[in-house]
Amino acid sequence: MIKVENLVKNFGTKRAVAGVSFSVERGEVLGFLGPNGAGKSTTMRMITGFIPPTSGRVTVGGFDMVENPIPAKRLIGYLPENAPSYTDMTVYGFLSFAAELRGLRGEAKNRAVRRAVEMCFLEPVLHQSVDTLSKGYRHRTCFAQSIIHDPDILILDEPTDGLDPNQKHEVRNLIRRMGEKKAIIFSTHILEEVEAVCTRAIIIDRGQIVANGTPQELKQRSDTAGAVSVRVLGVAPEVIKSRLAELPAARKATVVKAEDGFVWARVYPQTSSRNSELARGVAEVVARESWKIEELHTEEGRLDEVFRSITWSETAQAAASGREQAK
Amino acid sequence: MNDSIRHIFTIAKRELTGYFASPVAYVFIVIWLLLNGFFTFMLGGFFEIGEASLARPFFSWHPWLYLFLVPAAGMRLWSEERRLGTMELLLTMPVTAWQAIVGKFLASWLFLTIALTLTFPVVITVSVLGDADAGQVLAGYVGSALLAGGYLAVTSMTSAMTRNQVISFILSVVICFFLLLAGFEPVTTLLVQVVPASVVDLITSFSAYAHFLAFQKGLIDSRDVIYFGSLIGFALFCNGVIIRSLRAG
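Top to bottom, those sequences are chains A and B.
Residue 312 in numbering that gives the first Met the number 0 sits at position 313 of the first sequence, and the numbers go up by one each step.
Residue 96 in numbering that gives the first Met the number 0 sits at position 97 of the second sequence, and the numbers go up by one each step.
Everything labelled a hint here was simulated from the structure, so no lab data went into it.
No residue lacks a Cβ here, since even glycine has one placed at the ideal position from N, Cα and C.
Take every hint as true, because none was put in to throw you off.
Derived coverage of chain A by chain B (criterion: at least 3 residues anywhere in the stretch with Cβ under 8 Å from a Cβ of chain B; other residues may be distant):
hint, segment
1, 38-51
2, 70-79
3, 86-94
Input sequences plus hints: build the corresponding full structure.
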């Protein structure tokens, strides 16, 4: 549905997006991750046709976004960053305006507005002016606008930003449900969201894709992926560490924390893939030494660790976020 | 084509309801009517002249009133879209930039025309008191509406330049002031002393004032209509170029 090829965007001499390629099919929910100013919003703006790329191509449902923008835009529902809306309109007025621009008239329009209002829980504020609404409602009003024509493609720039935990949960469920029949790209800073919603995630840093895979695959790249954690009561930390490090399947062992008589230790496997041999080995050591254990589990790896290890450029980050603000 | 007209209509409708949803429209209309009354009857000496004509006491003030009121009415057209971020929303809808520009412009122009139409009591007054030339009055109104449209197109262009409404207002007043002065008699008599008459004629032909005056003689001359048409067209074209360059970064 969406095909992005070698997308480049320069702002003056600064290169905001430097050769990004990927594609998204129906039934996929693609999570877009990256530090502030990495080029996420710029990429999304090019996909939705708001800004033209310096070079490269965006094809949406077979239509080239630069050469044939109108049919391409018809397929897309877009929630821009910060969820803008006309503050002098009522929620109902705003949604019918969006519906009319999407070519919906009469009964079809009323049905579309009702459906979007229901999905985004806007009933209580339907006839209120947008500038009297709380941030959460404003956000959902703009979200409702993006799904009003039941588009095949949804591009959502930080859809859960500024929502309370319950609303976040609702929006995530909504995205997951709609993701079964649509192609969705959404950007976020919240890594748990990616695990909860995405079928695939892309990490972008300084305008380039640095990782692309399912959340599971990405987690595997984490240092702790496949490591075995064990919590032991009443044994000296050094003893635990040395016994565990002796295991043939282990690369190294560390003590994460030791307090109140508990020791929390972690053993890393030889290869980073998950290793049941290691867990069995640890269990055997525990049995042989008759340690009293509280907990023993194999770690899946953590997305935030992967994220931190591959997006490190803090100075570039500061410069880029300054640039985004100046825009 | 059908689609374009629908989009323009939808955008215009939103813009026009936007005016009347806030007190801006009412404040604007009241001030416009008060100023018109004051200038026509107090400064214009409507009663003292003793002529059944609106050209001098009424219409001759419009270029100066519009100079401030049109930029005030139009300064938010695009700067507000930029400030709120709704420009991104609007231009990622299946509409083209020119549909949005034309739709917004037409809504604003219609609003100004409504305000202009509300001055009708002065027409009633002049017809009751004397034998006014209906054609001349009509030509005067057409000229006034076209002048407002010309100023408005300039304002629409300047409002796309910045997200700050005040800057857009000032820029627009300055440009409109030049359009006005280029044909204003005290200025042209001054110019004649410095540059050849042919150059002065050229400058005058670009002036909104000279073309506006032609309407007040009761003539709807195609040249004057074309002048305002091309002023509007050119300013809106520049408006489009500015928006395109904003998006290109």
